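Start from chain A and add chain B according to the hints.
Which chain is which? The protein sequence lines are A and B, in order. Heads up, the working numbering is the position in the first sequence plus 1024, with the first residue counted as 1. Heads up, the working numbering is the position in the second sequence plus 11, with the first residue counted as 1.
Every clue listed holds true.
Taking CB as the label site, the calculated pair distances span:
(1) G1258(A) to D89(B): 57 to 65 Å
(2) L20(B) to Y1460(A): 38 to 46 Å
(3) G1478(A) to A49(B): 53 to 61 Å
(4) G1521(A) to F100(B): 29 to 37 Å
(5) P1518(A) to D167(B): 16 to 24 Å
(6) A1046(A) to D233(B): 58 to 66 Å
(7) K1516(A) to A241(B): 27 to 35 Å
(8) L1172(A) to V66(B): 36 to 44 Å
(9) R225(B) to P1518(A): 30 to 38 Å
(10) A258(B) to K1516(A): 29 to 37 Å
(11) H96(B) to Q1038(A): 56 to 64 Å
(12) K1516(A) to P215(B): 25 to 33 Å
(13) L102(B) to R1497(A): 34 to 42 Å
(14) E1544(A) to A241(B): 52 to 60 Å
Just so you know, the hints here were simulated from the structure itself, not pulled from any lab data. If you're wondering where the values come from, they're calculated on a predicted model, not measured in any experiment. Don't be surprised by glycine CBs; every beta carbon is placed ideally from N, CA and C.
Chain residues, written in single-letter form:
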Amino acid sequence: MTTAPRRNLLRLDQRTVRRARALAERAAAPVIELARSHTTTSVERAVLRLAGLTGADAEGIPWVNRLVDAVAADVGLEDGVALPVWHELRRGGHTDLAALAQKAAAGGVTFAVPEGSARRSAAAAAKRAVGTGIAMIDRNRKTRDRLLRKLGDPPKPWIYLIVATGDIHEDIPQAQAAAREGADVIAVIRSTGQSLLDYVPEGATREGFAGTYATQENFRLMRAALDDVSAELGRYVRLTNYASGLCMPEIATLAGLERLDMMLNDCMYGIIFRDINPRRTFIDQRFSRQIHARAGIVINTGEDNYLTTADAVDAAHTVIVSQLLNERFGLEAGLADWQLGLGHAFEINPALPEQFRLELAHAQLVRELFPNAPLKYMPPTKHMTGNVFFGYLLDAFFNLAGVMTDQSILLVGMMTEGIVTPFLSDRDLALENVRYVRDACAGLAEDFRPAPDGFVATRARQVLAESVELLERVADDGLFTAIADGTFGVTKRPADGGRGADGVVAHADGYFNPATELLEATA
Amino acid sequence: MTPRSTMNLVRAYGDTTGDGMVQLSFTLPVPAGPRAEAAAALFAAKMGLDPAMVVHAKAVGPDFTFFVVYGRSGVVVDLDEVEVHEREFPLLTAKEISLEVRSMLGRRLVVVGATVGTDAHTVGLDAILNVKGFAGEKGLEYYRELRVVNLGAQVDPAALVARAVAEEADALLVSQVVTQRDAHLHHVRLVADALAADWPASKPRPLFVVGGPRFEPKMAADLGVDRIFAKGTTPREVASYLVHALAVRRAAA
Chain A
1025 MTTAPRRNLL RLDQRTVRRA RALAERAAAP VIELARSHTT TSVERAVLRL AGLTGADAEG
1085 IPWVNRLVDA VAADVGLEDG VALPVWHELR RGGHTDLAAL AQKAAAGGVT FAVPEGSARR
1145 SAAAAAKRAV GTGIAMIDRN RKTRDRLLRK LGDPPKPWIY LIVATGDIHE DIPQAQAAAR
1205 EGADVIAVIR STGQSLLDYV PEGATREGFA GTYATQENFR LMRAALDDVS AELGRYVRLT
1265 NYASGLCMPE IATLAGLERL DMMLNDCMYG IIFRDINPRR TFIDQRFSRQ IHARAGIVIN
1325 TGEDNYLTTA DAVDAAHTVI VSQLLNERFG LEAGLADWQL GLGHAFEINP ALPEQFRLEL
1385 AHAQLVRELF PNAPLKYMPP TKHMTGNVFF GYLLDAFFNL AGVMTDQSIL LVGMMTEGIV
1445 TPFLSDRDLA LENVRYVRDA CAGLAEDFRP APDGFVATRA RQVLAESVEL LERVADDGLF
1505 TAIADGTFGV TKRPADGGRG ADGVVAHADG YFNPATELLE ATA
Chain B
12 MTPRSTMNLV RAYGDTTGDG MVQLSFTLPV PAGPRAEAAA ALFAAKMGLD PAMVVHAKAV
72 GPDFTFFVVY GRSGVVVDLD EVEVHEREFP LLTAKEISLE VRSMLGRRLV VVGATVGTDA
132 HTVGLDAILN VKGFAGEKGL EYYRELRVVN LGAQVDPAAL VARAVAEEAD ALLVSQVVTQ
192 RDAHLHHVRL VADALAADWP ASKPRPLFVV GGPRFEPKMA ADLGVDRIFA KGTTPREVAS
252 YLVHALAVRR AAA
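Extracted from the complex, chain B is given alone in its bound form:
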């Protein structure tokens, strides 16, 4: 084993290397006053901040106090221990994506998208699918060789799969924003079950792609989906993934 460079050990940075300075804010259910401030300092100390400076304390109603704390954290992170979910596909341009689809399929790639169950938030779905797109990138409707069927909000999982069968979908996109009581996980599993039950055995299964602000990319296998996209994903990343994953599948077939 080679000795590791200390360059890979990092502390939080305030304004000097190694100072470990961090800033945080929180609320305690304690009426404002000296006792509340002392409680906040103790709270920060127990989080490992030493010293901890309570720089702001403000009453929020009669029963709560809000604090801003600056302090020094002794935490050291070894960058060699950090795990990153690396993108497994190259990011292509719109033109490259169109070329890939044409040469691979000889027809347009069909994408069926929806939010399912009780989730009525189509912001994420529309950001990926609508021409308008997201973060300066046009949505999937903009790609000439993609045919997008946007079913909108609160689609029943069985109806979604039935429509995907009818459209001969190559990919199924499900967006989930609402996470109360793990609704997003529950809804995705319902779609996975419907896909397993209702997709004709004679046809290749579509790619099942899920997106939303609170999904962990690593949960894909557990949820029965091919790929999970997190908050901040752009349409081009999704399009690039779709052509990559379909190419991998066809190579394996």
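Same shape as in the complex, but just chain A:
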């Protein structure tokens, strides 16, 4: 990964930058404490997935859900699911987890929390079982490293392209075609309903709403297809999916088990845009990021979304604040700088005078604040209209801003954004646009030197100052209060509202999670 120092072109006051980080750390601290002392149904299900429990019942509800629900009904989740499950496995003579889950779902098992030597035995067995999943994640990481060495890692900016047919078997040829046309990262957009499902669907899926379900089998199929095309192209093509939603810990686990390379994982996106309970989100997020850290997955955060609901100029500082929080939460969970794909976007109204200079100011500010992060830059969506010709021009300016400010991951803008699902030709034209700008302006970042007191540098310093002001308020009032007040993305989300709140459980003194223990032991 590149760690080239980014010059301080904007003359940012480094004391202000340090203050911003210190404030983010202070704002995040109580939330991290909450995440360390609570679990959720999805965290517990992820433990079972790491231990190899797969499959679903006739209604399509996964066995991990059935087993966690059965344990919760008998003894609650305060001690974690591992102790009662592995105690019962030993005690009841069940052949394996799947057999136990089926019997438990039918009501044929009564769980208990073991004590003394029974507890020690159950804990050791649970650790062994979960350890096999973590070993698989480790092997996948090694395989990725080997393929990157063998096939080559494409130069940045990586070109990030979305496929979303709803049918994994249609997605695969489209993804392979996109890779052949130059895409470095393929994202399979999920079915819109999925983030609010409290379970992960099973198997290969052929139906979805504006996207394809994230399932373990779909992950496996797509990764295998991209491995084929990577070998053909002599360039490792990365695969991305979305962890956000009610099943963040489980989807992160499946991504690690099937060698996905990047995952959308934002600290507040689910809260603000999907009305998922804030506590649930932060607890799930921490566990999911611990898994990503282990798997060597690059996360993508979702700050671009704030600019689609709020004004991109007025709300520019909320993006910086959210990035600093995402960075803090990410580092605490064990992610390294090179894994923090912080997001931002080109969403300023093109009718505004000096729009492009404002965009450059924001993009360069993010670049300099996070010099070693693989920043993900998102194209215009809000101001794309039916005028596809103007949209194509705007996308070219987005690409130009991305190249000038040395962004790491460029999402490919479609001129048909918000109008129709992109045609094959739209995607091809969009890639032609990126390739032209990237090649024609190769190295332009080197020549981009905003005047120290010019418009760009002044605007960047102003946004940083506004970010510090907001962070002071967030640190003083608390992050939950800030979210409830509508600080981010305009929407107001109270701490006790939203979906999934009933899946949050405070740890008992004896809480045991073999996955967290293994992940934190080596962190």
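Then chain B, alone, in the frame of chain A:
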């Protein structure tokens, strides 16, 4: 019958009146080459372009070719045959809307909004409801005499109606973006059914307004809604409609 003016007959305009020139682009599942270009010219000819000039042909992968075609269309449109869905209400200013609500209701007008079913896209909903608004116009939250309850994404239709009952809503706004497999139509019908089933008979039914990029305004009656708003609708149009429609209703009652 009076003779109609030929002024109402129009052809596409390139750079000269009556030249009929149009431009289009499309892709054929044919490998690039002379055969593909000839196929594109034939395709354009069958669409009625004569002459048709294939000005650009580019391979998109091994199996497809993308074309840009310019050509002359013989199509003539009689403007007298054109049907327009005219706006049935006057466009009011924020001040006028507030005055109307105060004099008509003597209280704030309650708007409950959501996207329903599997649709998680709140862009349209927020453009209409959030203070920030859309196209330079502030959203409904900005109107002092409107009380907005924005329930956000993926709300269950029955839960939406239950909340509307609890809030004593005057209007119910549903936004739908996702149209795969006609999900938008299905979701709207679910809300209409819930409204019919669960709204107390003793109270006047709220206005049921639907918005999204792929609705046909004429489908309103078929879907069981009072008004459909298409892509590009501004918050002021929605607010103006709400006071107009409520006034019409009260006059009829």
